[in-house]
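**Q** All chains should be built: construct the whole structure from the sequences, respecting the hints.
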Amino acid sequence: MGDKHQTLAAIKWFSAAGTAIGLVLTIYSFFVSGIMQEYFLSIGIGVMVGFMFIFGTLIFLPLIEEFTGKSKPEMTGIIKNRL
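So for the sequence shown, our numbering puts the first residue at 388; every next one is plus one.
Treat the hints loosely; a few may be bogus.
[Stated by the list, open to error] Quick list of simulated restraints, FRET-style, between CB atoms:
1) Gly433 <-> Glu453: 44 to 50 Å
2) Lys391 <-> Met423: 38 to 44 Å
3) Gly421 <-> Lys391: 29 to 35 Å
4) Ile422 <-> Glu453: 46 to 52 Å
5) Val436 <-> Trp400: 14 to 20 Å
6) Gly421 <-> Phe447: 39 to 45 Å
7) Gly421 <-> Leu450: 43 to 49 Å
8) Phe417 <-> Met439: 19 to 25 Å
9) Glu452 <-> Ile430: 30 to 36 Å
10) Gly456 <-> Met423: 50 to 56 Å
11) Leu395 <-> Gly433: 22 to 28 Å
12) Gly443 <-> Asp390: 18 to 24 Å
Hint data in this document are derived by calculation from the structure and do not stem from the laboratory. Here the structure is a predicted model, which is why all the values come from computation and not from measurement. Where a beta carbon is used, it is the ideal one built from N, C-alpha and C, also for glycine.
**A** Structure representation (structure tokens):
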């Protein structure tokens, strides 16, 4: 159970860092002049949305696994003996 909590904490920090980078790029785009403003704005929003999507996906998958009751299968038989 502790392993899942560590994984979820890592996902949370990874997504928070990526979203913060996207937010910084978005805010920076308001101070840049010319055609670069549109590039920074679109890149910043894209990075934020991308990391939010990653967060949602990686949080959703372990929860589905927990709700269905299926976990990683145990190694048995020949495979276990060879390792």
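**Q** Please go over all the hints and tell whether each is borne out by the structure.
**A** Okay, the hints, checked on the actual structure:
no. : hint                          : in the structure
1   : Gly433 <-> Glu453: 44 to 50 Å : 31 Å, violated
2   : Lys391 <-> Met423: 38 to 44 Å : 43 Å, holds
3   : Gly421 <-> Lys391: 29 to 35 Å : 48 Å, violated
4   : Ile422 <-> Glu453: 46 to 52 Å : 48 Å, holds
5   : Val436 <-> Trp400: 14 to 20 Å : 19 Å, holds
6   : Gly421 <-> Phe447: 39 to 45 Å : 40 Å, holds
7   : Gly421 <-> Leu450: 43 to 49 Å : 45 Å, holds
8   : Phe417 <-> Met439: 19 to 25 Å : 21 Å, holds
9   : Glu452 <-> Ile430: 30 to 36 Å : 34 Å, holds
10  : Gly456 <-> Met423: 50 to 56 Å : 52 Å, holds
11  : Leu395 <-> Gly433: 22 to 28 Å : 25 Å, holds
12  : Gly443 <-> Asp390: 18 to 24 Å : 21 Å, holds
Of the hints listed earlier, those the structure fails to meet are numbers 1, 3, in rising order.
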